[in-house]
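Student: Chains as they are written, first to last, in my numbering: chain A, 1 to 316; chain B, 317 to 638; chain C, 639 to 939.
Treat the hints loosely; a few may be bogus.
[Stated by the list, open to error] Here are some chain A residues pointing at chain C (derived, C-beta under 8 Å): (1) G254; (2) V276; (3) L296; (4) L297.
[To be verified] Looking from chain C toward chain A, a few residues come up when the C-beta cut is under 10 Å (computed): (5) L673; (6) V676; (7) V766; (8) M768; (9) A776; (10) T779; (11) W887; (12) R896; (13) Y900; (14) L901; (15) V917.
[To be verified] Only pairs whose alpha carbons sit at most 25 Å apart, straight line, appear in this in silico DMTMM-like list of lysine to aspartate or glutamate: (16) K312(A) x D389(B); (17) K312(A) x D460(B); (18) K671(C) x D131(A); (19) K312(A) x E359(B); (20) K666(C) x D131(A); (21) K671(C) x E208(A); (22) K428(B) x E208(A); (23) K587(B) x E359(B); (24) K439(B) x D303(A); (25) K666(C) x E225(A); (26) K671(C) x D213(A); (27) K312(A) x D467(B); (28) K765(C) x D303(A); (29) K428(B) x D213(A).
Honestly, the hints are just simulated from the structure, not real lab data. All of these numbers come straight from a predicted model, not from anything done at the bench. For each residue, glycine too, the CB sits at the ideal point set by N, CA and C.
These are the residues of each chain, in order.
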Amino acid sequence: MQAYIIRRLLALVPTLLFTSIIVFGSMRLIPGDVIDLMLAQNDISTGQDRAKIEAALGLDQPIYIQYFDWAAGVIQGDFGRSLWKNTPVSQQLAERLPITFELGFLALLVALSVALPIGILSAMRQDTAADYIARSFSLLMLAIPAFWLGTLVMVFPSVWWRWSPALEYTPFFVDPIANLSHMIVPAVLLGLSISAVTMRMTRTMMLEVMRQDYIRTARAKGLTERLLVVRHALRNGLIPIVTLVGLQAPLLIGGTVILEQIFVVPGMGMMLLDAVSQRDYPVISGVFLVVGVAILLINLIVDLSYGLLDPKVRHQ
Amino acid sequence: MSEALLSISDLSVSFRTDRGRVQAVDSVSLHVDAGETLAIVGESGSGKSVTALSILQLLGDNGSIDRGSIRFDGTNLIDLSPEGIRDIRGDRIAMIFQEPMSSLNPVLTIGKQVAEPVWLHRKMSWKDAYAQAGELLARVSIPDATARLNDYPHQFSGGMRQRVMIAMALACQPRLIIADEPTTALDVTVQAQILALLKELTREFDAALILITHDLGVVARYADRVSVMYAGRIVETAAALPLYKTPQHPYTQGLMASIPGLDGISGQRLKSIDGQPPDLAQLPAGCAFAPRCEHAHARCIQDSPSLDIVATDHLRACHGYD
Amino acid sequence: MSDTVPTTVTPLPALPPARSPLALFFVKLFRDKPLGAVGGVIFVIFLLAGVFADVLAPYGMNETNLAVRLQSPSVEFPMGTDHLGRDVWSRILIGGQISMLVGFLAAGLATIVSIVIGLVSGYFGGKVDMLIQRMVDAWMTFPDLVLLIVVISVVGPGIPQIVIVLGLLYGIAGSRIVRGSVISVQENMYVHAAQSIGARTVYILWYHILPNIMPVVIVLFTTRIGAVILAEAGLSFLGLGVPPPAPTWGSMLSGTGRTYMYLGPWLALAPGLCLTIVVYAINIFGDALRDLLDPRMRGSQ
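Extracted from the complex, chain A is given alone in its bound form (with noise of 0.2 Å):
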C-alpha cells in the first residue's frame, strides 16, 4: 500500500511539470503587439511603460531563467500581482477558490444522485425500455449546451411565472440559506449536465461487472437479484465509478466558467473571465495554474481512494 502511495506520488511529478511548461508556454505565447495593447488599455495612475510591463512579466530573461523565477515563485505562493486591480493574485485566487469549489461540490452531488441509480438501473434493465429511455436522455444531455439551459432557465420562468433566479452571492458562513438558494440553481444545471456523462459510464461499468464469473457463482447460491447487486455487483463497480468520478472534475470545472458567468456566481470562473476582458494575464495564468493543479490532486486523490476500496491493491 504505501509503495503503491509513493508511485502515485512520484507519477505525479512529470504531469505536474508538463503542467506548469503549458501554463508557462501559454503566457509566453503573447504577440508583442499585444503588450502595446496593454500598454494602451491599462494606461493607469501608475504610468507603466512597456520596460515595466516586461518586467512585470518577466520577458527580459532568458527564457529558463524566467521559467524557475516564475516556478520558484509559485512554488512560494506568490503567483504575481493583477495588472488591474495590482493586488496579488495569490489574494484573489484565495477568495475565490472556495466558492468555485462550493459551486462544484454540489454539481457533484447532483450528478451523482442523478447518474448513479439510473445508471445502475439501466444496467440491470438492458434493453429493455427504461434502459433505451435512460440512454436517449442522456444523449440528449451530451447535446444540450450548459449555457443555453442556463439562458432557458433565467428567461422562460421570468416570463411565465415572474421569477427569476436569485442573482446575489452570500457567503456561506453569513447565511447558508441565501448562500444555498443563489448556488442552487447553477449547481443543479451544472450537475445534470455533467449527469450525462456520468450515467453512461455507470451503466457500462455495471454491465462489465454483471458479466463476471463471480456474479454467476453467487447466482448459483441462491441470492436474490437485489442481494446480487447490493452485497456483489456495486462493491466490484463502485471502484472504477471512483475514478469516473474524478475524471468528471476537468468536465464540472469548465462548466463552472460558463454558470458563474450567467448566474453571477463570484467564482473562479468569473476571475478568469473578467480577467480575459482585461487582458490580465497574470490572473489568467493564476487560474489556468491553479484549475490544473487543483485537478491533478483530485486525480491523485481518487487514485488513492482505489487503494482504500480494492484489496488487491491493499495488500501489494
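Take the given structure of chain A and dock chains B and C to it, following the hints.
Tutor: Positioned in the frame of chain A, the structure of chains B and C alone reads:
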C-alpha cells in the same frame, strides 16, 4: 427401481446469437441416482456445460429451454418460479465452476463468501455462519482455516481457491453437486488432489455428483456412470467399466482409442477421430457424428438416432454398424 | 464392409453481385441502426442548409430594420426578429454556416493531429511514447473550456485562430484513441511481416497501419464535429468565439442578447435548439457508426 434423484428428460436448449438460433442441447435425457457420481463427457461445444447450467436455470438472457423436463426430488425444476429455483440453488443443489480465479468475488473476504449460502438458506446469524465456514474450510484441508476467513481470493492459489469453491458448495449439505470441469484450469499435480477431495466429501455428505469433464482419465477413476455427449446430444450412457471395456458408439470408441496407453508401442501414431466437431449453428439433419464416422451409412445421414438400450443399463444413440 | 459415405455436395449459393462497400454500409445503417440513420440525415440537412445559407436566407445577417424589431415568429419572419429588427431565421442560417465551417475544419485538423500523435506514440512506443503520453496527460488535465479561453485570450479571436486552437486541443485529446488503435493493429502479423522484410517505417505506417485504424479515425472525426461545434458555441457565448458581426449561435444566446430575451423569449429558443439538434444528431450518428464499424470501441469514450 426407486426414482432417480435427478432426471432430465428430452431437454432442449437453444441460444440466440448473431448468427441465428443455435441448438446447444438437443433432446438430452439422463438421470442421477442419490449418492452416485455421473460423469458427462464431451468435447468443447458438446453441450455438457449448457446441460449443467440448465439444471439451476443459470443460462443467462440469450439461452432458453425449449422443451423437456428436469425432475429433482419429485419437482420439475423448469416449472419453478424464480423464488423457487433460488431456494434450491446453493441449498439442495450446488454448483462448482471451472475458473477458480474469476469465480470468486475479489472484493469480498473468503469467509463472507463461504458463509453466504448458510446465512442465506439456514437463516443463521453471521457469527454462526462464519463459524461454520471455518469448519468447512478446515474440512477441505485449508491450513489455518479460521485465520484465513478474513483473507481475499487473490491471496489463495488456484488449487486452494477451488477447495474454497468446494467448501462453498458443501455448506448447506446439498443432495446434488454439479462440478463443471472443476480441475481443467488447475495444475496437473493439483488436479488429482481436488478430485480426490471432491469424491471423498461427496461420499461423506452422501451427495450425488455430476462431474463434467473432457478428461477420460478422470472419468475412469471417479465416475460410477458416464454419459457421452456430442454436438448437443447424448450418444452413449453406461456404467463406467462397461463404457471403457466395450464402448458401443463409434464416437466413444474413437475417444477410447485415442488415449495413449503406457503399453503402447513407441513410434506408433496416436489414433484420432477424423474431421472437426460440427458447427452448432448448422447441424446436419441426420446423426451429428455421421460426417466423421467410418461406419456411417445412408440412414445415418437422414435420421437422427435416438437413445436405445443395447445392454443392461447401457444406452446408445446409433443406427448400428456391422 | 461399410458403405462409403455418399458425399452430397450442395451447390454453393451463387455469389451476390459485387456491391460497393459504401452501398452495403448504407443498407446496414438504415436497416440495423435506424436512429443513427435519422441522425445522419438530420445532420446532412443542417449541413446543406449551412452550405447554401447565402441562397436560403431571405435577409442579410446584419440587415437591421428598426421598424420591425422584436417581432414574434410570423410568416414573414419565421423565427421572429431581434432587438435590431434583424431576421432571426437568416441569422440562424448564416450561423449554421459558420458552425459547419468551423466544425468540419477544426474536426479535420483535430483528426489529423490525433493521427500524427497517435501514430508516433503508438508505433514507436518506448521512451517516445512515455514522453508523449505524459505531455498528453498534462494537457488533458485542463478542462477544455479553460484551455480554450486562456489560449484565445492570448492569440485573439477570429476564425483561423479558433479553428487552429480547437483543432489542436481536440487533436491532442483524441490522440489517445488513435494510439490505442495503433497499438492493437500493431499486434497483427502483417505488421511484423512487413517489418521483417525491411520495409521503411513511413511505408508501414501509410500502407499497413493507417488503413486499419480507419474505422476508429472515421468515428473519431464524426464525434469531434459535435464536440467542436459545442465548444465554439460556448466560446462565442462568452464573447471569445468568432467575433461579431458573425451571427454564431452561441453569441446569439449571450448576455448582450439576453436582456431582450425577456421581451422576446423566442430569441432564446432558436439558437439553442439548433445546437442541440445538430449535436444530438451527429452524436447518435457517430454512435451508430461506431457500432457498425467496430463494436469493440464501445465504452472507450
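Student: Was the hint right that Y900(C) lines chain A, CB cutoff 10 Å?
Tutor: 6 Å, holds
Student: With a cut-off of 25 Å on the C-alpha distance, tell me whether K765(C) and D303(A) pass.
Tutor: Holds: K765(C) and D303(A) sit about 24 Å apart, inside 25 Å.
Student: Mind checking the alpha carbons of K671(C) and D131(A) for me, to see if they're no more than 25 Å apart?
Tutor: 17 Å, holds
Student: Is K428(B) within 25 Å of E208(A), Cα to Cα?
Tutor: 23 Å, holds
Student: The hint names M768(C) as touching chain A; please verify it with the least Cβ-Cβ distance against 10 Å.
Tutor: 9 Å, holds
Student: Identify whether the interface hint at V276(A) stands, where standing means a beta carbon of chain C within less than 8 Å of its own.
Tutor: 4 Å, holds
Student: Can we keep the G254(A) interface hint, with Cβ of chain C closer than 8 Å?
Tutor: 3 Å, holds
Student: Measuring from the C-beta of L673(C) to each C-beta in chain A, is the shortest one below 10 Å?
Tutor: 8 Å, holds
Student: Are L901(C) and chain A close enough, Cβ to Cβ, to be under 10 Å, as the hint says?
Tutor: 9 Å, holds
Student: Do the alpha carbons of K312(A) and D460(B) lie within 25 Å of each other, as the hint requires?
Tutor: 21 Å, holds
Student: Using Cβ atoms only, decide whether L296(A) comes closer than 8 Å to chain C, and label the hint accordingly.
Tutor: 6 Å, holds
Student: Given the hint that K439(B) pairs with D303(A), test it: the Cα-Cα distance must not exceed 25 Å.
Tutor: Violated, because 39 Å separates the two Cα atoms, which is more than 25 Å.
Hint check: violations occur at hints 4, 6, 7, 16, 19, 24, 25 and 26; the rest are consistent with the structure.
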